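Chains as they are written, first to last, in my numbering: chain A, 415 to 635; chain B, 110 to 412.
Relax, there's no trap hidden among the hints.
Anything over 10 Å on all C-beta distances counts as not near chain A; from chain B, calculated:
#1 177
#2 291
#3 302
#4 308
#5 316
Here are a few chain B residues that face chain A, going by a calculated C-beta distance under 10 Å:
#6 241
#7 242
#8 245
#9 246
#10 250
#11 265
#12 356
#13 359
#14 361
#15 373
#16 381
#17 389
#18 390
#19 397
#20 399
The hints are simulated quantities; they were obtained by calculation from the structure and are not laboratory data. Nothing here was measured: the structure is a model prediction, and the numbers come from that model. Ideal placement from N, C-alpha and C gives every residue a C-beta, glycine not left out.
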Amino acid sequence: MIYPEGTVLRYATVTRVNHWITAICFVLLTLSGLSMFHPIFFFLSALFGGGQWTRAVHPWIGIVLALSYAGLVYQFWRDNFWTPDDTAWVRKFDLILVNEEEGVPEVGQFNAGQKFVFWAMALLIPVLLFTGLVIWEVYFSAFTPLVVQRIAVLLHSLAAIAAILVWIVHVYAGIWVRGSMQAMTRGYVTPGWAWRHHRKWLRGLTGARSPGPTSRPEGVP
Amino acid sequence: MSGLQSQDYIRRSASTLTPPSARRHELEVAKLIDVSRCIGCKACQSACMEWNDLRGEVGHFRGSYDNPHDLDPNTWTLMRFTEWENDKGDLEWLIRKDGCMHCEDPGCLKACPAPGAIVQYANGIVDFNSDACIGCGYCVKGCPFDIPRVNPTDHKSYKCTLCSDRVSVGLEPACVKSCPTGAIMFGSKSDMKAWAGERVAELKSRGFANAGLYDPAGVGGTHVMYVLHHADKPSIYAGLPNHPAISPFVELWKGGVKPLAVAGIALAAIAGFFHSVVAGPNEVQPEDEARGRRLVDREDDAR
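Bound-form chain A, shown alone:
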């Protein structure tokens, strides 16, 4: 991909592909999972070819998502350590909510909200994976006693609901903070976006001559 001159590279191609595999899997899992969770959502099973297909395909999508998210964890875990700045940022959340970001600590690569989403998913997805394996009737039902399966199905639904709530926050933040979605679809942001939302990150990029402001294809030094 060619990034327009004067823009700032935010997510490299491999990151974006990894993210969108995760995102597509998450949406499919939410639709198929909800259809098996509450009758008002059962109609969603038609999107997957009916109830039997939904039941059959849901766990496989889950496997893909777990692997894909492991890729995101591998790429991002260092950038998501919690810092005192994040705590200070959270304290100013009332200002952030009304779009007043002056007086809020400068943000690095990720803000506290993004870090929360990252770690919440890093916790919930393994829970969903392992409880999901326990209740994967076709292959694994014979390996655990019924009481374990009952606990697993309860935990699976609780973790799934938590993950869906986190996902709603994540998607809404991407819509609310204009210009963010482009970072994940096209890979670049404008210097103004970086200045407004991730100033410390922008300062670091410009200071270190890292592949920040660029008119070159990525990968070219």
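With the hints as your guide, set chain B onto chain A.
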């Protein structure tokens, strides 16, 4: 059993609306299994296979009369044999015909996510509509008696239907018809309880002080009941639960989490929408762009 419309549902799985239930003046039925009269001949097992056209795989001998050794998708009823030593040190051979208990409050139906895959008729019979079954195995987790079995080939769950097809046309279940000793009786639940009362009284007169009827209240009573000589300890009969009830984990999952989760998701989405209406989008301002540009340009100049 499906195909013929029954219009006498009192419960229907994964349904938020009232199922067709106009024809509901029939009597509640019950099967009474008098364990004290059972001779373990397995005629009921054979009759069940015959009527329902089930043929299980030939298994392996595991040192017990249980054959096959467990319920499976092709074995909807099973004689379970227990050698039990009583207080006097005497051997008692306890033989229990296992299968669906047709709970008044069925855990399978509560857990089932597929609309109409499990129904309960006004006569109390709990029936699986296999066409609607998605093969998830939630019924297995919901059942307090560990009865349903998912067929790995067609991914449908199966269990005793109480011969709902026979009962609907006025016949008794096949197992009842085949029993040579009258250990399995079928009729209205009130008649069966009256008959069980006579049997329990007789057992008590013969020295079984703890004889009694197994119609566990924890699942609202059942439409398959046992007369037990030792009703004080049902578990000696090959693990018949002493106090069966739908697991609290299943109750929490289907009772609390299900509606609250949907409300929570809806609220989160609505909150996002109204935040957008109230606070509006967070947009990059021209001055942000200018200052960001300046920082970047400074760097470019340095290059």
